[in-house]
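Q: Here are the chains, one letter per residue:
Number of protein chains: 2
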Amino acid sequence: MKLNGNYSKLFENYLFAEVSDRAAKYQSAHPDKKILRLGIGDVTLPLADEVIKAMHLAVDEMSKKESFRGYGPYEGYGFLRESIKNYYKTFGVELNLNDIFVSDGAKSDLGNILDIFSNDNTVLVPDPVYPVYADTNIMAGRKIIFTNANEENGFLPMPEKVVKADIIYICSPNNPTGAAYSKEQLKEWVNYANSQGSIILYDAAYECFVKDDSLARSIFEVEGAKSCAIEFCSFSKIAGFTGTRCGYTVIPEELEKGGISLNKMWLRRQSTKFNGVPYIVQKGAEAVFSERGMAQIQQNLDYYRQNAKIIAECLDGLKIRYTGGKNSPYIWLKCPMGMGSWEFFDYLLNGAQVVGTPGEGFGENGKGFFRLTAFGSREVTQEAVLRIKNLLNNSN
Amino acid sequence: MKLNGNYSKLFENYLFAEVSDRAAKYQSAHPDKKILRLGIGDVTLPLADEVIKAMHLAVDEMSKKESFRGYGPYEGYGFLRESIKNYYKTFGVELNLNDIFVSDGAKSDLGNILDIFSNDNTVLVPDPVYPVYADTNIMAGRKIIFTNANEENGFLPMPEKVVKADIIYICSPNNPTGAAYSKEQLKEWVNYANSQGSIILYDAAYECFVKDDSLARSIFEVEGAKSCAIEFCSFSKIAGFTGTRCGYTVIPEELEKGGISLNKMWLRRQSTKFNGVPYIVQKGAEAVFSERGMAQIQQNLDYYRQNAKIIAECLDGLKIRYTGGKNSPYIWLKCPMGMGSWEFFDYLLNGAQVVGTPGEGFGENGKGFFRLTAFGSREVTQEAVLRIKNLLNNSN
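Those sequence lines, one after another, are chains A and B. Taken in order, the first sequence gives residues 0 to 395; the numbers are from numbering that gives the first Met the number 0. Taken in order, the second sequence gives residues 0 to 395; the numbers are from numbering that gives the first Met the number 0.
Hints listed in this document are in silico derivations from the structure and should not be mistaken for laboratory results. Here the structure is a predicted model, which is why all the values come from computation and not from measurement. Don't take every hint at face value.
All copies of an identical chain are treated as equivalent in the list; a pair is satisfied when it fits inside any one copy or across any two copies.
Derived SDA-like pairs (lysine to any residue); straight-line CA-CA distance at most 25 Å [what the hints assert, rightly or not]:
1) 24 - 266
2) 8 - 146
3) 64 - 298
4) 388 - 36
5) 308 - 377
6) 388 - 26
7) 64 - 41
8) 63 - 145
Put together the whole structure using the sequences plus the hints.
A: Structure representation (structure tokens):
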């Protein structure tokens with residue numbers, strides 16, 4: 000029996016596991032210190048009332064024979080897919096119901112979608128980026144090439160005709176840099192993909208933070224995207240579903256290569272390796288899109304936006320350069336005093352008991368950068384900002 | 000961009016999709032007829048009261064900032080893994096907490112586990128069997144060899160030394176045949192795997208139906224299994240979680256090949272491509288193992304066992320040969336009058352409006368066989384049995 004040898008090419012630790020490991024070690028050595036976490040992109044506000052109500056009702060349905068639900072459709076219940084379709088309409092995108100697949104989160108589908116592609120493809124991944132894109136392709140043994148996202152291009156790399164790539168990852172608003180593509184910029188990527196016959200895997204997990212109308216909420220706002228793109232989205236950030244687990248993937252029915260429908264391949268994959276998302280969770284997710292649900296959720300998003308502003312103002316005061324914080328829950332900063340990413344991580348952990356995420360965990364171009372998130376509670380964010388100010392002002 | 004060409008080697012339709020498709024076509028042509036479904040292995044009893052209570056409490060926790068849960072551990076919450084560990088103790092199996100991974104269902108993990116194995120392995124799959132084992136390996140391009148499960152061996156094939164296999168699937172109690180291995184028989188498989196350096200993927204999804212003490216509930220009841228086996232189990236059948244989605248996978252920490260821990264590889268896979276099971280669902284699953292939960296669940300299992308008995312008695316009366324029905328929710332019968340599987344499917348659908356599952360959908364050796372399940376409601380089971388009796392008695 001042979002194991003998948005590609006796993007040995009992965010780094011020892013998954014980034015966030017390493018971060019929480021170091022924090023745990025610090026905590027056990029200093030049990031009296033209170034660690035403030037602005038590292039992993041986890042939310043802190045509870046679920047919206049409408050979601051809670053819907054889930055209680057769904058639990059009750061599961062308690063009675065007449066309303067009990069067994070196996071659901073592999074692609075998700077019609078009621079939820081209908082709501083997602085209507086949500087897309089609010090930013091001008093028309094989808095078919097069959098384009099939409101409900102999932103247990105964007106992360107699962109971003110990894111699992113690779114099942115439908117040959118391992119003999121070249122993958123273009125921006126650097127820095129969410130580690131899952133590269134790691135899942137390393138596991139499958141695909142050739143990966145990186146495109147540089149750096150200060151020069153505002154962390155928004157554009158296509159280069161000389162680069163040949165079969166599968167292209169785009170995350171906008173970006174994790175970790177907070178940078179977001181305009182519709183015009185995305186149009187260039189769509190044209191590039193269509194001209195090369197490539198597929199764009201578009202991670203829209205942070206679309207709900209986009210306020211600026213010139214920026215894209217969905218790649219399908221761009222003409223031509225339906226013949227080259229698959230979009231992944233999640234309820235994690237819009238509605239605090241990080242521990243409730245729901246997302247969706249949009250594969251246009253018209254997306255095909257050599258006469259083979261990618262939508263049908265994905266349905267085959269899901270019906271073979273997946274059994275759908277809990278009914279209770281799908282009912283909760285549906286409530287996100289109700290009028291009241293949306294109003295409650297916008298309040299939560301505004302709360303996180305205010306956190307981002309607090310962090311940004313702190314960095315302004317310290318004259319630290321950063322991107323993001325607007326149209327994004329992430330603040331991507333240049334480590335002060337020429338420090339490396341993990342060096343700054345340890346510096347903040349030891350000196351201020353604040354945990355962030357080292358930029359270099361997201362790629363070579365992340366070296367010397369650091370990610371903070373706006374998903375903490377207001378109190379934690381304010382306290383963290385205070386401690387960072389004190390630490391850095393005293394070290395100057 | 001190249002698609003995964005292996006998908007073209009799959010049959011057009013996933014078995015259960017084809018079954019429901021034919022049933023739907025019949026229904027739309029005969030809108031006045033009431034179809035009775037004893038086909039797919041879906042449960043019909045609602046969730047147990049203790050599970051419902053636990054889920055309501057968990058929903059409430061998600062509504063308050065102090066008790067809200069975001070991302071959980073990739074491998075599942077400690078409280079649930081502890082309960083599973085204690086459950087295994089009741090049939091004499093000692094596990095470490097780290098051996099246990101909570102999943103969204105056995106089907107997902109049975110497919111996804113293949114990520115950690117090279118595509119260059121030979122896979123041994125019993126025929127007939129749950130289609131997911133073969134389909135997931137066809138998708139990856141692995142070489143598959145089949146071992147015959149038939150009337151001669153009581154649908155329980157035993158290892159043959161001349162057959163070299165790297166990955167071995169065993170499902171006991173078996174889907175679709177209802178046959179279950181004794182501990183002595185499993186010991187032969189474990190010895191075979193250990194001597195060949197193979198891995199057994201053991202599907203224990205129906206273990207809760209085992210009443211006979213000589214039969215295995217877990218492969219880890221057999222000495223030597225921890226160095227060659229991975230076990231998959233599910234809350235779907237024990238607790239009616241088909242639409243609630245929870246399962247678990249046991250990979251002993253000591254299971255390794257060439258010094259590489261399969262347990263660690265799986266954790267790496269899960270932390271990269273999965274984000275855990277909903278907190279609410281894990282709380283519901285925990286309640287299954289409470290004293291009251293277990294008592295309620297045993298009542299449900301007895302209800303299904305009684306259904307199996309009703310079906311078995313009907314077949315006895317009609318002098319139709321079958322296996323299963325004891326220690327299993329499945330009844331695997333030989334199609335009467337020399338009919339083929341799909342022929343009998345259409346015969347029952349047209350003549351009695353009863354939907355079962357054609358045996359040949361599970362493999363070559365399933366030709367001429369048919370699967371009925373005990374998961375229907377009592378009323379549906381009784382009515383279906385009556386219709387089958389009438390149809391077959393009138394045709395004699």
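Q: Are there hints from earlier that the structure breaks, and if so, what are their numbers?
A: Structure breaks hint 8 only.
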